[in-house]
Amino acid sequence: MVHTQDLEFAYPEGALLQFPDIQLPTNEHLLILGPSGVGKTTLLYLLAGLLLPKSGQLRIGDTSLESLNRKQLDQFRGKHIGLVFQKYQFIGALNVEENLRLRQGRKAGKEGKKRRMALVNRLGLQDQLHKKVSALSQGQQQRLAIALGIIHMPDLVLADEPTANLDNDNCEKVINLLKEEANISKSSLIIITHDYRVMKHFDNRIEL
Amino acid sequence: MRMIYLAFRNMISKPLNLILSMLLLSLSISLVTFVLQLSDQMGGQLEKNITPFDMVVGAKGSPLQLVLASVLHIDNPTGNIKLKEARPLMNHPFVKYAIPVSYGDNYKGFRILGTTSEYISTYGGELAEGKFFNRPFDIVVGAAAAEKLGLQIGSEVVGSHGLIETDFGAHDEHPYIVTGILKRSNTVLDQLLITSLESVWDSHAHEGEAPKSSEEEHKHDEEHEHDDQDHAHDNHDHDYVEEDADREITSLLVRFGSPLGMVQLPRYINEGTNMQSALPSFEVQRLLGLLGSGVKTVNGIALAILLVSALSIFISLLKTIRERKRELALLRVYGFRTGQLLYLALMEGLFLSLLGFALGWALGRLGIALFSSYTESEYGYSLLLRPPSTQEYILLGITLCLSIVAAFLAALPVFNLNVAKTLTDE
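Chains D and H, in that order, give the protein sequences. In case it helps, the UniProt record's numbering puts the first sequence at residues 1 to 208. In case it helps, the UniProt record's numbering puts the second sequence at residues 1 to 426.
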């Protein structure tokens, strides 16, 4: 599913970042570990097509990201990639359900509604649908962030430090949720973190 | 979910912001539409009311006052003229028609005008019910006056001296009887109570002779009989009470039958008689010219406010776009293109200006409605609540263009939006 080779990236005024090659089969999970400042988030954005590599190859599914123009890249990312942010990102003017519908896109239809209801039921958000995002508790926001990363059934889910600032119990719950949901929507999952508590949950690991 | 819905939700998510940036816009729009409507309708009504007449002949004084008093029924008359002096004009070859009017009384603030039925027909007035006056103290009432005063056929109307309502000096002895009510014509007719010249003369002749009370009834009866005959006569031509050399009228409203009339008569009257002539169209133009410069000033101020309001929309959008930078970056992650983000900002600006325009327009009309009740009670002129005019559509176009430009400029940063950096930055 994910295949990178000799991936390099340089910020305008920064040092050259080189990343180890990644080979991740479909529906598999991968943990990328590393201390702060080694370019973990940069790698995540490269995989999401939000940054363009200086050199190297990056393929997701059958698509080489470097072959896409800007517009195609936007479309590809919207359809095939889901992001779970370290700092949750929502549209403040919309309620919970509307945030989810926005992520699903206009063509979601009835199937989309079924998918949405099943997902919010699993995540325990069914009673929060018409609330503003800002009215949710921390834990509910965390779960909504996961839902937003996965509701459109992407090929690849990228999670950036999903367990930062969580106690052990919640850390475990979040990782399990991510893995379960990735399995249900048949998505590959890459988690990027400096949280070594997560290690034991993944067989497939890369250290930066 | 459509972008347009998101734009709408974004807009209403900060009501205080919304109200602030809409306020200026509404203010300028309401000012412009109010002033445009006011000058339009005032001008239109004045024009309509003076059309039947080319010239007014009355007592010497201010020509504008003469026109305002005798044609538009706003001001007080300059005085009276002798019917005897005016008569030669009525039969003058250059004159198509000349209608004498006489007044001095009011009923609850509405003017009682003595004239001929021809006066009503020059304004195209038609009866809604009843009949025209043909006996003394018959009176025909304009639509607005009838409605306001609650008059019906057969109602008795007692005039009071002067043109302004007072508590004293009512002609108790001589009530007018309402015989007809006119259809609404949106002219001065609506606000008038119209009777025959003789009725007005009668009620006043009567007053003048008040001390000779023994003769009063007698004289009065005589006049009644006489007037009955005279009226029958009156319907055929305009030879008024021949024996009445001392009869006075307020003014004579003249329509020329020949362009030569315009050239010769005003000068002849002003120089050769004790009367003055005034040309309504000229005086009204002069009046509108004065109004016009006021209108221009107010419009200038309002347009300046409009520019400032466009600036405020720009600043408000710029601010919200900065505040929502992360949300815009998130939309990019969701697969929305830069063009769609621009569309989102433009839509929000467009909503804002449409809403502001609608509110401003409504406020302008509310102003007209409030002002109308004032002008109606003060001058007998009411303003209509009209659908949007062409000028207002143009104003809407200008507003939308300005707001689109403002929104576009405010949204320019989305082109340089660095999604990765925005999402990473705390």
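Since the hints were derived computationally from the structure, they do not count as laboratory data. C-beta atoms are modelled at their ideal positions from N, C-alpha and C, and glycine is treated no differently. Certain hints may be false.
As the list claims (entries may be wrong) - Below, a list of computed lysine to aspartate or glutamate pairs in the EDC-like style, where the Cα atoms sit at most 16 angstroms apart:
hint, chain 1, residue 1, chain 2, residue 2
1, D, K87, H, E47
2, H, K421, D, E13
3, D, K40, H, D75
To be verified - Each pair of labels, with its calculated beta carbon distance range:
hint, chain 1, residue 1, chain 2, residue 2, range
4, H, L23, D, E180, 47 to 55 angstroms
5, D, Q126, H, A362, 39 to 47 angstroms
6, D, T63, H, G339, 56 to 64 angstroms
7, H, T390, D, L52, 51 to 59 angstroms
8, H, I315, D, L52, 28 to 36 angstroms
Each hint tested on the structure:
For the given pair, D:K87 sits about 70 angstroms from H:E47 by alpha-carbon distance, which is inconsistent with the 16 angstroms threshold. As the CA atoms of H:K421 and D:E13 are separated by approximately 14 angstroms, the hinted pair is consistent with the 16 angstroms bound. About 86 angstroms separates the Cα atoms of D:K40 and H:D75, which puts this hinted pair outside 16 angstroms; it is violated. Restraint check, H:L23 to D:E180: a C-beta distance of roughly 51 angstroms satisfies the suggested window 47 to 55 angstroms.
Hint check: D:Q126 to H:A362, Cβ distance near 42 angstroms, so the stated range 39 to 47 angstroms holds. A C-beta distance of roughly 22 angstroms is found between D:T63 and H:G339, which places it outside the suggested range of 56 to 64 angstroms. At about 53 angstroms, the beta-carbon gap between H:T390 and D:L52 stays in the expected band of 51 to 59 angstroms. In this structure, H:I315 and D:L52 meet the distance hint of 28 to 36 angstroms, their C-beta atoms being roughly 34 angstroms apart.
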